[in-house]
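Engineer: So you can see what is in the structure, the chains are spelled out below.
Number of protein chains: 2
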Amino acid sequence: MKAFSRVTFLGGATGPWRVEKVSSLRGAPLPAVGAVQKVEADTFVTDPAAAWALQGVRSNERYLNRGEKTQLAKLQAGLGRPDSTRAALIPITKSNAWWDLPQDERRSILEERSHHIEIGSRFLPAIARRLFHGRDLGADFDFLTWFEFAEADVGAFDDLVGALRRTEEWHYVEREVDLRLSLDRR
Amino acid sequence: MKAFSRVTFLGGATGPWRVEKVSSLRGAPLPAVGAVQKVEADTFVTDPAAAWALQGVRSNERYLNRGEKTQLAKLQAGLGRPDSTRAALIPITKSNAWWDLPQDERRSILEERSHHIEIGSRFLPAIARRLFHGRDLGADFDFLTWFEFAEADVGAFDDLVGALRRTEEWHYVEREVDLRLSLDRR
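Residue numbers (this note's numbering), protein chains in the order written: chain R, 56 to 241; chain X, 56 to 241.
Wrong hints could be hidden among the right ones.
Same chains, same label: a pair holds when it works inside one copy or across any pair of copies.
Said to hold, decoys possible - Below are the SDA-like pairs computed for lysine to any residue, each with C-alpha atoms no more than 20 Å apart in a straight line:
1) Lys-76 <-> Val-100
2) Lys-124 <-> Asp-159
3) Lys-93 <-> Ile-145
4) Lys-124 <-> Arg-162
5) Lys-124 <-> Thr-101
6) Lys-93 <-> Glu-123
7) Lys-124 <-> Gln-158
8) Lys-129 <-> Gln-158
9) Lys-76 <-> His-171
10) Lys-124 <-> Ser-176
11) Lys-124 <-> Leu-156
12) Lys-124 <-> Asn-151
13) Lys-129 <-> Leu-156
14) Lys-124 <-> Ser-163
15) Lys-124 <-> Ile-164
Calculated from the structure, these hints are not laboratory results.
Just need the whole structure built from these sequences, with the hints factored in.
Structural biologist: The following block contains the structure:
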């Protein structure tokens with residue numbers, strides 16, 4: 056495992072990211088909270104004051120081919136940019152029908168038919184992204200996707216998630232919560 | 056997660072599978088034990104008497120295409136056959152160089168150049184197999200591979216692992232232990 060490969064998102068009353076809006080798009084919602092804290096570390100963390108804790112790990116790429124990986128590496132920006140005062144945490148779980156598909160069919164649906172990688176790359180470097188995997192852990196969600204962007208790119212982010220949600224791939228999403236966050240500078 | 060998706064292999068003094076032979080092929084060995092117990096359950100189990108406990112989860116296929124998946128489903132036999140009195144537990148960890156490769160290159164090395172799936176299918180249904188994943192868990196090994204076969208197929212199993220170890224894919228294996236087991240009917 057890489058150093059700092061584990062993430063815990065703690066939802067509670069306090070934390071650096073203030074919750075601006077929550078949409079429960081499919082499946083069970085998450086208990087309402089005022090703030091989110093993201094902790095990347097070697098271990099998962101707990102906080103008795105948190106209403107929820109979501110766990111994930113950074114892992115290898117599951118679908119990217121060499122050309123896409125090279126292209127994304129060129130375009131994408133890192134997390135923690137000074138003007139990245141907006142963020143989104145989008146936990147997602149896909150159906151058993153998705154996970155039972157062979158690798159070639161998941162790849163075809165994800166990219167050749169849904170253009171997931173291509174859509175995401177259109178919004179680089181403005182929308183920075185980090186994917187955490189939870190499925191093998193038996194975590195609450197298969198994926199925790201974290202996005203950071205500037206206030207000026209809030210509309211672009213809406214376009215990005217809107218485009219993804221209209222794809223064939225999204226037919227396989229059975230739980231999705233969308234938390235929009237704002238960096239609390241107090 | 057599927058029911059009973061987690062496995063714990065407990066190495067210790069007692070257990071249904073007697074250790075016949077252990078080969079530490081690459082990387083650190085495992086402490087010597089006399090027997091192995093395999094526990095598939097909803098949770099990982101612990102045993103204070105065990106010398107080691109290896110954890111893994113059943114997960115989705117990472118490389119199989121539709122044709123291969125269909126073909127394997129037709130050919131393969133389940134675990135627990137009455138004449139499956141021999142088994143092998145082969146824990147494996149691959150290098151960071153492997154995990155950093157994009158999906159298409161890992162697939163090419165695994166199948167188009169190393170014929171991993173094709174080699175395994177040649178030994179079906181004689182050699183039954185179940186793969187558990189440990190990497191996302193931060194477990195001791197990336198994979199725990201479990202094989203069951205009849206005493207008459209011990210030589211075939213040697214041929215199978217011998218063929219795999221001569222492949223390009225195996226250049227990326229940085230730790231491998233091979234435990235040969237025999238069902239203890241006492």
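Engineer: Could you run down the list of hints and mark each one as holding or not?
Structural biologist: Hint by hint, here is what the structure shows:
Neither within a single protomer nor between protomers do Lys-76 and Val-100 lie at most 20 Å apart by alpha-carbon distance, with minima of 25 Å and 40 Å respectively. In this assembly of identical chains, the alpha carbons of Lys-124 and Asp-159 lie at most 20 Å apart whether taken from the same copy (18 Å) or from different copies (10 Å). Only within a single protomer do Lys-93 and Ile-145 lie at most 20 Å apart by alpha-carbon distance; the minimum there is 13 Å, versus 37 Å between protomers. Both within a single protomer and between protomers do Lys-124 and Arg-162 lie at most 20 Å apart by alpha-carbon distance, with minima of 14 Å and 15 Å respectively.
Within a single copy, Lys-124 and Thr-101 get their C-alpha atoms no closer than 34 Å, and across copies no closer than 40 Å, so neither meets the 20 Å cut-off. Taking CA atoms no more than 20 Å apart as the test, Lys-93 paired with Glu-123 passes in neither setting, with 28 Å inside one copy and 40 Å between copies. In this assembly of identical chains, the alpha carbons of Lys-124 and Gln-158 lie at most 20 Å apart whether taken from the same copy (18 Å) or from different copies (10 Å). Taking the shortest Cα distances, Lys-129 and Gln-158 sit within 20 Å of each other only across copies (18 Å), while inside one copy they are farther apart (26 Å).
For a Cα distance limit of 20 Å, the shortest separation of Lys-76 from His-171 qualifies neither inside one copy, at 24 Å, nor across copies, at 48 Å. Taking the shortest alpha-carbon separations for Lys-124 and Ser-176, only the intra-copy value of 11 Å comes in at or below 20 Å, while the best inter-copy value is 31 Å. Proximity of Lys-124 to Leu-156 under the C-alpha cut-off of 20 Å is restricted to the inter-copy arrangement: shortest distance 9 Å between copies versus 23 Å within a copy. With identical chains, the CA atoms of Lys-124 and Asn-151 are at most 20 Å apart between copies only, with a shortest distance of 16 Å across copies and 27 Å within one.
Taking the closest pair of Cα atoms, Lys-129 and Leu-156 come within 20 Å of each other only across two copies (16 Å); inside a single copy the shortest separation is 31 Å, beyond that limit. Taking CA atoms no more than 20 Å apart as the test, Lys-124 paired with Ser-163 passes in both settings, with 17 Å inside one copy and 16 Å between copies. With identical chains, the CA atoms of Lys-124 and Ile-164 are at most 20 Å apart both within one copy (18 Å) and between copies (17 Å).
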